[in-house]
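Keeping their order, the protein sequence lines are chains A and Y. So the first sequence is numbered by numbering that gives the first Met the number 0: it starts at 0 and just counts up by one. So the second sequence is numbered by numbering that gives the first Met the number 0: it starts at 0 and just counts up by one.
Note that these hints are calculated values from the structure, not bench results. In this text, all values refer to a predicted model and were calculated from it rather than measured experimentally. Just to be clear, a hint being listed does not mean it is correct.
[As the list claims (entries may be wrong)] Distance windows between CB atoms, simulated:
(1) Y:9 with A:91: 35 to 41 Å
(2) A:54 with Y:17: 19 to 25 Å
(3) Y:17 with A:167: 31 to 37 Å
(4) A:107 with Y:10: 35 to 41 Å
(5) A:47 with Y:14: 27 to 33 Å
[To be verified] The following residues of chain A were derived to be distant from chain Y, with all beta-carbon distances above 10 Å:
(6) 29
(7) 62
(8) 68
(9) 74
(10) 80
(11) 122
(12) 157
(13) 160
(14) 188
(15) 210
[What the hints assert, rightly or not] On the chain A side, residues computed to face chain Y include the following (Cβ under 8 Å):
(16) 25
(17) 60
(18) 83
(19) 115
(20) 171
(21) 207
Built from N, CA and C at the ideal position, the CB exists for glycine as well.
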Amino acid sequence: MAEGRPGTVRGGMVEDALADRRLDEEDHTRARVYGLLARYLAAPPDADLLQLTRGLGESGTPFGRALAELAARAAEASVESAREEYHELFIGLGRGELLPYASYYLTGFLYERPLAELRDDLRTLGIARVEQNKEPEDHIATLCEIMAGLIEGRYGDGTLDLQRRFFARHLEPWAGRFFTDLERAKAARLYAPLGSVGRLFVDIERAAFAMAD
Amino acid sequence: MQREERRSGQGRRGFLKLAGLGAVVGTVAAATGTKPAQALAAEGDRGAGYRLTEHVKKAYALARF
C-alpha cells in the first residue's frame, strides 16, 4: 500500500492516538475526510478503498451529494481504470495534467517558498520526512494527511487553533483552486467528484474556522 | 464566559453538522483511519522506485534553477 508516496495514509482504525482524547463527531468526520482525500491523492485507490467509497454520501447537502457522486463513480471504476486515471492526472510522462503542490499553485514553480515555510512548520511540529520519500512535502496528499493528524492530536497539541493556523498557511491559499482544477481535469472521471468533495470541504473548513471555537 | 464558549462551540459544530459533516461519513470513519506517526513515512514498495524517479524527474524539469 501507499509507500514512498505523498501522504502515505494507511487504512485502519485509529486507536491509541484517540484513547485519551474524545473528538466531537464533526471533528472525527473532518479527520476522516482529510484521510479520504489523502488516500486518493497519494496513490490510486486499491480495491478496498473503491469498495468503501461506494457506500458514501447522502442527498441532503451539496457535500453529501458530492460524496454520493464519488460513490457512483467508484462503483463504475476498477482498480485498473483508477490507476490509469491517476497516472494521467498526476504522473504522466515528465508531468501529469496537474501538479498538486502548494509551491506550484502559489508561485508557478516547484520547490519554492511555500515548501520552505511548510518545512519550518513541520520541524516545529516534529514531523520528519523519512529519507526514502522523495516527494516534496507540499503535495496536497501530504497536507491532507497532516491535517488529519492535527485534528486527531497525533501531531501538535490537537487544538483547533493549531489546525486553523496550519490550514490558513498551507491549504487555504491554493487548495480550493487545485480541487476545482481536478474537478475539470480532462483525464478526470473518478477523480472529478473527488475534486468536488475537496472543493466543498475546503469551503466548509474555511467557513468553520472563521467561527469561534 | 463558559456559556459563551458553549454557544460558540455549538455554532461551529452546528455549522459543520448542517454542512454534512455529521454521521453521513460514518463509513469513511470505519475505513480511513490513519496509523499514528505514519505521515510521510515511506515503506518498501515494489512500484515506488519507478514512480519516485518520475516525480523527481518531473520536479527537476519544472523547478527553476
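We went through each hint and held it up to the structure:
For residue 9 of chain Y and residue 91 of chain A, the hinted distance range of 35 to 41 Å is not satisfied, since their beta carbons lie about 47 Å from each other. For the pair residue 54 of chain A and residue 17 of chain Y, the supplied restraint of 19 to 25 Å holds, since their beta-carbon distance comes to about 22 Å. Between residue 17 of chain Y and residue 167 of chain A, the C-beta spacing of about 22 Å breaks the proposed range 31 to 37 Å. Checked against the hint of 35 to 41 Å, the pair residue 107 of chain A and residue 10 of chain Y passes, with Cβ atoms roughly 39 Å apart.
Taking the beta carbon of each, residue 47 of chain A and residue 14 of chain Y are about 32 Å apart, inside 27 to 33 Å as hinted. Not every C-beta of chain Y lies more than 10 Å from that of residue 29 of chain A, the closest at about 6 Å, which undercuts listing it as non-interface. The non-interface label for residue 62 of chain A is inconsistent with chain Y: the shortest C-beta to C-beta separation is roughly 4 Å, within 10 Å. No Cβ of chain Y approaches the Cβ of residue 68 of chain A within 10 Å, the least distance being about 13 Å, so the stated non-interface status holds.
The Cβ of residue 74 of chain A sits about 14 Å from the closest Cβ of chain Y, beyond the 10 Å cut-off, so the non-interface label holds. The Cβ of residue 80 of chain A lies farther than 10 Å from every Cβ of chain Y, with a closest approach of about 17 Å, so its non-interface assignment holds. For residue 122 of chain A, the non-interface assignment is confirmed: its Cβ lies about 12 Å from the closest Cβ of chain Y, beyond the 10 Å cut-off. The Cβ of residue 157 of chain A lies farther than 10 Å from every Cβ of chain Y, with a closest approach of about 13 Å, so its non-interface assignment holds.
The Cβ of residue 160 of chain A sits about 13 Å from the closest Cβ of chain Y, beyond the 10 Å cut-off, so the non-interface label holds. Once the 10 Å rule is applied to beta carbons, residue 188 of chain A is consistent with being away from chain Y; the minimum gap is 21 Å. For residue 210 of chain A, the requirement that its beta carbon stay farther than 10 Å from each beta carbon of chain Y is not met, with the minimum near 4 Å. Annotation: residue 25 of chain A was flagged as interfacial toward chain Y, and the flag holds, the nearest CB pair being 4 Å apart, inside 8 Å.
Proximity of residue 60 of chain A to chain Y holds as hinted, the smallest CB-CB distance being about 3 Å (cut-off 8 Å). Taking 8 Å as the C-beta contact cut-off toward chain Y, the hint placing residue 83 of chain A at the interface is violated, the least distance being around 14 Å. A distance limit of 8 Å between C-beta atoms decides the matter here; for residue 115 of chain A the minimum to chain Y is near 13 Å, and the interface restraint is violated. Proximity of residue 171 of chain A to chain Y is violated relative to the hint, the smallest CB-CB distance being about 16 Å (cut-off 8 Å).
Interface restraint check for residue 207 of chain A: the shortest CB-CB distance to chain Y comes to about 5 Å, inside 8 Å, so the restraint holds.
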